[in-house]
Amino acid sequence: MRRILVTCACAIILAGCATPESTKNYKLELQAGNIPAATERAVKESDLNKADQPEDLLWSLEAGTMLRYESLNERSNRMLDGAEALMKDDDTRGAVASGGHQVAAVLTNDNVLPYSPNVYDTVMLNTYKALNFWQLGDYANARVEWNRTDDRQRRAAEHFESEIAKQRDEIAASDNADLVNRSLAGSNAIFEKAGVDVEQWAPYAGYINPASLYLHGLYFLLNGESKADYEKSRVSLERAFALTRNAQVKADLASARKPSKIKPAVWIVFENGMAASKRELRVDLPLFLVTGAMHYTGIALPMLENGVAAYDHIAVGRQQSQHLASMDTIIRGEFKTRFNAILIREIIRATAKTVMQKQLNDQNPWLGLAAAVAQAASTQADLRSWLTLPHDFQLLKVPYPGNNVLTLTLPGPETEIEIPLPQDKRPVLVYVRALNTAAAPSIQVLPSRVASL
Amino acid sequence: MNTRSLLSVTTLCLALAGCVTPTHYVDMKNDNVAVMGLDYKDFENAATELVNQMLASPLMVHPKSNQGARYVLTVSNVINDTAQRIDTEQLTKKIRISLLNSGRFVVTTAVGLNGPEDAMTAKSRQLKSSKMINQKTVKKNGRVIAPDFSLSGKIIQRNNRVDSSTQQVDYYFMLTMTNLDDGLAYWEGEYPIVKRGDNRTVSW
Numbered sequence: 000m001r002r003i004l005v006t007c008a009c010a011i012i013l014a015g016c017a018t019p020e021s022t023k024n025y026k027l028e029l030q031a032g033n034i035p036a037a038t039e040r041a042v043k044e045s046d047l048n049k050a051d052q053p054e055d056l057l058w059s060l061e062a063g064t065m066l067r068y069e070s071l072n073e074r075s076n077r078m079l080d081g082a083e084a085l086m087k088d089d090d091t092r093g094a095v096a097s098g099g100h101q102v103a104a105v106l107t108n109d110n111v112l113p114y115s116p117n118v119y120d121t122v123m124l125n126t127y128k129a130l131n132f133w134q135l136g137d138y139a140n141a142r143v144e145w146n147r148t149d150d151r152q153r154r155a156a157e158h159f160e161s162e163i164a165k166q167r168d169e170i171a172a173s174d175n176a177d178l179v180n181r182s183l184a185g186s187n188a189i190f191e192k193a194g195v196d197v198e199q200w201a202p203y204a205g206y207i208n209p210a211s212l213y214l215h216g217l218y219f220l221l222n223g224e225s226k227a228d229y230e231k232s233r234v235s236l237e238r239a240f241a242l243t244r245n246a247q248v249k250a251d252l253a254s255a256r257k258p259s260k261i262k263p264a265v266w267i268v269f270e271n272g273m274a275a276s277k278r279e280l281r282v283d284l285p286l287f288l289v290t291g292a293m294h295y296t297g298i299a300l301p302m303l304e305n306g307v308a309a310y311d312h313i314a315v316g317r318q319q320s321q322h323l324a325s326m327d328t329i330i331r332g333e334f335k336t337r338f339n340a341i342l343i344r345e346i347i348r349a350t351a352k353t354v355m356q357k358q359l360n361d362q363n364p365w366l367g368l369a370a371a372v373a374q375a376a377s378t379q380a381d382l383r384s385w386l387t388l389p390h391d392f393q394l395l396k397v398p399y400p401g402n403n404v405l406t407l408t409l410p411g412p413e414t415e416i417e418i419p420l421p422q423d424k425r426p427v428l429v430y431v432r433a434l435n436t437a438a439a440p441s442i443q444v445l446p447s448r449v450a451s452l
Numbered sequence: 000m001n002t003r004s005l006l007s008v009t010t011l012c013l014a015l016a017g018c019v020t021p022t023h024y025v026d027m028k029n030d031n032v033a034v035m036g037l038d039y040k041d042f043e044n045a046a047t048e049l050v051n052q053m054l055a056s057p058l059m060v061h062p063k064s065n066q067g068a069r070y071v072l073t074v075s076n077v078i079n080d081t082a083q084r085i086d087t088e089q090l091t092k093k094i095r096i097s098l099l100n101s102g103r104f105v106v107t108t109a110v111g112l113n114g115p116e117d118a119m120t121a122k123s124r125q126l127k128s129s130k131m132i133n134q135k136t137v138k139k140n141g142r143v144i145a146p147d148f149s150l151s152g153k154i155i156q157r158n159n160r161v162d163s164s165t166q167q168v169d170y171y172f173m174l175t176m177t178n179l180d181d182g183l184a185y186w187e188g189e190y191p192i193v194k195r196g197d198n199r200t201v202s203w
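If you're matching them up, the sequences are chains A and B in order.
Taking numbering that gives the first Met the number 0, the leading residue of the first sequence gets 0, the next gets one more, and so forth.
Taking numbering that gives the first Met the number 0, the leading residue of the second sequence gets 0, the next gets one more, and so forth.
One or more of the hints may lead you astray.
Said to hold, decoys possible - Below, a list of computed lysine-lysine pairs in the BS3-like style, where the Cα atoms sit at most 30 Å apart: (1) Lys127/B x Lys138/B; (2) Lys165/A x Lys194/B; (3) Lys127/B x Lys153/B; (4) Lys26/A x Lys87/A; (5) Lys127/B x Lys40/B; (6) Lys277/A x Lys26/A; (7) Lys92/B x Lys28/B; (8) Lys87/A x Lys138/B; (9) Lys153/B x Lys87/A; (10) Lys226/A x Lys194/B; (11) Lys257/A x Lys424/A; (12) Lys40/B x Lys138/B; (13) Lys262/A x Lys153/B; (14) Lys92/B x Lys130/B; (15) Lys127/B x Lys226/A; (16) Lys226/A x Lys93/B; (17) Lys277/A x Lys260/A; (18) Lys260/A x Lys153/B; (19) Lys165/A x Lys257/A; (20) Lys28/B x Lys153/B; (21) Lys63/B x Lys138/B; (22) Lys396/A x Lys424/A; (23) Lys130/B x Lys28/B; (24) Lys257/A x Lys153/B; (25) Lys87/A x Lys139/B; (26) Lys92/B x Lys226/A.
In short, the hints are calculated from the structure, not lab data.
None of the values given here were measured: they were computed from a predicted structure.
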C-alpha cells in the first residue's frame, strides 16, 4: 500500500502541470486590463538572477512585451536580450545535457522540459527589440536588430525543411513505425474531432512573418542612410507585398524605388488583440474494457484556438486601418508543421507508460492501478505559448496633421485619442498596441532619423 | 582524515572545478580560438590590412610630404550593418593610431559629422573673456585646421547555409577616403573575413 501511495505522490509531483497558477492569474490580469499587475507578474516570473538576467524564457518574452506596452523600452530590451541569450542556450543544448529532462518528459509530459521557442517567437523577439531601439532613437542598434530579424526569417524556411526531414527519419527509425504511421494517418481525424479545418492552416510562403518583413522594409525606407539601405527596403517590401497584397505596402514599395520622394507622413501599425493559444485535447482510453490487463491509457494533445482581436480596425478621420498580416496564420502554420512531431512523441510516451503499467500490474494489480492513476495524472499537453503576441497586424498611412496632433479613433463606443507628433514634420511611425478593449492601448511615436529627404 | 577520504574529497573538488573555466590571460599572438561573431583578432587584422592598402596608395601621400606636410583626416561615419552589437570605434581607433604613427596623417578631433569629438578646441576659445586666465595663453581663432580627407565606411555581414550543420558568415570591412576638396574617393579598400561554424544557432 505504501508503494502505491509513493507512486501516486510521484505522479502528482512529476505530472508537470499544464497550466500553472501564475499563468492563470496572468491571463486574468490581462483580461481585466490590469496591465501594471500583469507586467509585475511577468517580470517576477522571468526569474531574474543576481546579474539581472532572466532565467525563464517564456516569462521573459511576456515581460519584454509587457514592458514595451508600458513604454519602458529600455527595460524591455534588457529583458528581451536576456530572452535571446536563453534562446541561444536552447539552440545549443546538447542531447546529453537535456537527457535527464527528456527521460522525465517520457515518464510524464513535455511540461517538464524547458520552453523551446517557436521560430515565430524568435522573429518577433528581434522585431520588438528593433522597434524598442527605434523608439529610443538608437538607430545603430535598431539596424543590428533588423539585420537579426532578417537572418531569423532566412533561417525559418531552412529550419522547417530540416524539421520535416527529421520527422520522416524518426518515423522510419521508430520501433513502432507501423503504429506511428497509422496514428499519423489519422491525425487529420484528431483535428476534425477538435472542430478544426486543418486545410486552412497553411503558413505564409517560406514560414515568413510578413509584418516583420514589412516593418524591416519600412525602417530602411524611413531611416535609410545609403543606396544599399533603400535596396534592402525594396527587397523586403517586394516580398511583403507578394505575401500581403496590401495597397499601402505597394505604395511604400513604389517609394522605396524612388526614396528621394518620401514626404512627411504618418504610418500607423496596429498590433491587434491576442494571438492563437493552445487548449488541451484529451483522448482517454480505459483499456481494461479491452484487455483486462491495464486500467488506463490515453494521450493529451495541444490544439490551437483562434486568437481574439481587440478591435475590428482603428481609424483616423474616415481612413480605416487595413489588414497587413495575421499572427494567427503564422502560429497555425508552424503548429501544423510541428503537430506530427508532437503526436509521435505523445504516442511513444503513451506506449512507454502503458507497457510500464502492464509490467507493474503483472507484479501486483494494486501497483498496476497506482501506475494507471499516475499515467492519467501525468497525461497532459504542453500548452505553453507567448500569450501577448497579437492576433493580427493592420496598417494605415495618413498625411501629417497640420497641427502636429494625430486624432486616432477606436471603434465600438467611439473613443478618440490625441497623439502629439514631433513639431518638425517628418515621416513617423505610430505604433498602436491593443491587447483587448479592457486596457487602454499602448501608443508609441517612432520618428524617422532624418527630417525628410 | 584518512588517505581514502582525502583522495575522495580531492577528486570531488577536481571534478567540480572542471565545470568552471578559470579566468586566465590569452596569448594574443597565438590565440586560435574563433567565434562566429567579430572579436579583437578580426578588428586587428582588418585595421592592419586596410591601413597597409591605404599607405600603399600614391594618392594618400601629401605633395609636400618631404617637407613634413601631412594630410588632416576626420572620421565621419562607419556604419555597423551586421547582426553583431559592435562599436565601430574598435576599427577606426586602430586605423587612426596606425595612420598617425605612419607620419602621413594627423586626425582632427575639432570637426566631426555629429559635432566635434573633443569640444575643448572650441570651448577653450571662450576663455578669452576670463579674468582668471592669462590671455596670452588663450588659443587664437583662425588657427584650427580644416580636414583634407574624410574616412567613412561600413561593416556588412552575409550569412549562408553550407549544409544542415554548417553555416558560413562573411564579413566585409569596407572603407573610403574622400578628398573633401573635390568630394572624390581617393582611396577605397575592402577586407573580407569568412567564418564557418555551427548552424544550430544564430551567428550573434
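Hints and how they fare:
1. Lys127/B x Lys138/B: 8 Å, holds
2. Lys165/A x Lys194/B: Roughly 27 Å between the alpha carbons, so the hint for Lys165/A and Lys194/B holds.
3. Lys127/B x Lys153/B: 41 Å, violated
4. Lys26/A x Lys87/A: 27 Å, holds
5. Lys127/B x Lys40/B: Violated, because 47 Å separates the two Cα atoms, which is more than 30 Å.
6. Lys277/A x Lys26/A: Cα-Cα ~13 Å, so holds.
7. Lys92/B x Lys28/B: 20 Å, holds
8. Lys87/A x Lys138/B: Given that 30 Å is the threshold and the Cα spacing comes to 55 Å, the pair is violated.
9. Lys153/B x Lys87/A: The given pair, whose Cα atoms are some 27 Å apart, holds under the 30 Å limit.
10. Lys226/A x Lys194/B: 27 Å, holds
11. Lys257/A x Lys424/A: With Cα atoms ~20 Å apart, Lys257/A and Lys424/A stay inside 30 Å; holds.
12. Lys40/B x Lys138/B: 41 Å, violated
13. Lys262/A x Lys153/B: Answer holds: Lys262/A to Lys153/B is near 27 Å, not above 30 Å.
14. Lys92/B x Lys130/B: Judged against 30 Å, a Cα distance of about 38 Å means the pair is violated.
15. Lys127/B x Lys226/A: 46 Å, violated
16. Lys226/A x Lys93/B: 28 Å, holds
17. Lys277/A x Lys260/A: Between Lys277/A and Lys260/A the Cα gap is close to 46 Å, so the pair fails against 30 Å, i.e. violated.
18. Lys260/A x Lys153/B: Holds, at about 25 Å.
19. Lys165/A x Lys257/A: 45 Å, violated
20. Lys28/B x Lys153/B: 27 Å, holds
21. Lys63/B x Lys138/B: 27 Å, holds
22. Lys396/A x Lys424/A: Judged against 30 Å, a Cα distance of about 15 Å means the pair holds.
23. Lys130/B x Lys28/B: 54 Å, violated
24. Lys257/A x Lys153/B: The hint holds at about 23 Å.
25. Lys87/A x Lys139/B: 57 Å, violated
26. Lys92/B x Lys226/A: The hint holds at about 26 Å.
Of the numbered hints stated above, those contradicted by the structure are hints 3, 5, 8, 12, 14, 15, 17, 19, 23, 25, listed in ascending order.
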